[in-house]
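Build out the structure end to end from the sequences listed, making use of the hints.
Respectively, the protein sequence lines represent chains A and B.
Following the working numbering, the numbering of the first sequence begins with 1357 at its first residue and continues without gaps.
Following the working numbering, the numbering of the second sequence begins with 8 at its first residue and continues without gaps.
In short, the hints are calculated from the structure, not lab data.
Any given hint might turn out to be false.
Here are the computed lysine-lysine pairs in the DSS-like style, where the Cα-Cα straight-line distance is at most 30 Å [to be verified]:
(1) A:Lys1492 <-> A:Lys1534
(2) A:Lys1441 <-> A:Lys1585
(3) A:Lys1602 <-> A:Lys1558
(4) A:Lys1458 <-> A:Lys1399
(5) A:Lys1585 <-> A:Lys1534
(6) A:Lys1506 <-> A:Lys1534
(7) B:Lys175 <-> A:Lys1458
(8) A:Lys1558 <-> A:Lys1534
(9) A:Lys1585 <-> A:Lys1399
(10) B:Lys101 <-> A:Lys1506
(11) A:Lys1506 <-> A:Lys1558
(12) A:Lys1558 <-> B:Lys101
(13) A:Lys1399 <-> A:Lys1435
(14) A:Lys1441 <-> A:Lys1613
(15) B:Lys160 <-> B:Lys62
(16) A:Lys1458 <-> B:Lys12
(17) A:Lys1602 <-> A:Lys1613
(18) A:Lys1596 <-> A:Lys1458
(19) A:Lys1498 <-> B:Lys101
(20) A:Lys1492 <-> A:Lys1506
(21) B:Lys101 <-> A:Lys1492
(22) A:Lys1441 <-> A:Lys1534
(23) B:Lys175 <-> A:Lys1534
(24) A:Lys1441 <-> A:Lys1596
(25) B:Lys160 <-> B:Lys175
(26) B:Lys101 <-> A:Lys1534
(27) A:Lys1585 <-> B:Lys12
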Amino acid sequence: MKIYSRIMAAVVIGTMVFATGCSSTKPTEPAKTEEKAADATAKEELVMATNAAFPPYEFYEGTDVVGIDAEIAAAIAEKLGMELKIEDMEFGSIITAVQGGKADMGMAGMTVNEERLVNVDFSNSYATGYQVVIVKNGSEIKTPDDLANKSIGVQESTTGDIYITDDYPNADVQRYNKGTEAVQALIQGKVDAVVIDREPAKVFVEQNEGLEILPTEYVVEEYAIALAKGNTELLEKINKALEELKADGTVQTIIDKYISAE
Amino acid sequence: MDNFKLRFYNNFIADERWRYIVNGLSVTIRVTFFAALIGIAIGFVVAIIRSTYDKTGHLKVPNFLCEIYLTLIRGTPVVVQLLIIYFIVFGTVKIDKAFVAIVAFGLNSGAYVAEIVRSGIMSIDDGQFEAGRSLGFNYVQTMVYIITPQAFKNILPALANEFIVLLKETSVAGYIALQDLTKGGDIIRGRTFDAFMPLLTVAIIYLVMVMGMTAGVTRLERRLRNSDH
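Rendered as structure tokens:
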């Protein structure tokens, strides 16, 4: 019995290690996007993974996920002759889904950085993002520099989380699964401030009394679409579609629709 | 191979990311341990109240309260209970999240332990009770010295199973921003965008812990069996 269970353990662990080893060498099958998609009876799906708790980029309106990312993705899908399908999941799972081929692309106000580029490819940028600080009215935090020793709520794995972790090693970073939960914690006094993207921040402040956004932006960044490493065929198509949409003003129209110009 | 090394470096070495795993592991172990203690305490008390009511008809009101507790806890998912305790029960206070998790998982586990213990007590033949009483033990003494030790042996596998489930259930603690082992892996995943290494590392650590627990229980069962002969 004892020997049997040891053998079992060895087999299980062995399999896991083997799986890790393999996965690095086997690139994900590129999604088949035939030129003649129009000929096919059913349109091919372009699956977009996102976290729909991030207004105005992606959020629920009834049972549909809408927002800037969703509309840009729909426009891209149209250009590619594909049908867009949106999968809502935890932010931290989006990249996993893209790598594993569960989704063709990840679009959730994601920012390019060196470490992420090791594991995924990014499209050209389609929008500019700002990380801002939300505090309660009358807070002693007046600029991002005051965050140093405070307890700060963030959405786990977002760039806000990463910047804060790097910039303020002494801060008590509370990593929530959703931006809304971080804001809830701020309202309840569980954290002193929330660092999050500016547009969702505006919505949160609008919806909850007694909150304000600090006038100084914390970080400026570029949003891009994440694709599985090595899926260059789809990447090129998306980039081409994106450039066309930017050139003909579609992207700007979509952004303006959700974000009122200041 | 170089890619593997680079990924390993990015996932665990760079920025001392292994700390997320190690600290997360210590949080997971602490929460599981104290939640199990609370679970055992609540479980035994509830089980004794319930089985006393079943056997003698006494303790009607406490039994009723216990039934409400069991219905509520077993009728709702542990994640929902955790979020309710964090965002509603402790709605307006800054509170240690590990404490919240221990309370939530302890309350949750208590309900399951209670039913396991009750099944153990009910499985002991009534003749054992009668023997205890005719030896001059009162009800409580019979319970403590005669029934519970025998019941414990019967329920040990089910109890061990409950604590294995508890250990793995704590992986939802990340919902209240508590950085347990799973959340630690998720945080690394969010930074490196590498799914496989952090997830499999976390999986292997849980697996090893559960195997350790199983081995411990097997030994305990064997030792307890010795007294049968």
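- Of the numbered hints stated previously, which ones are contradicted by the structure, given in increasing order? none
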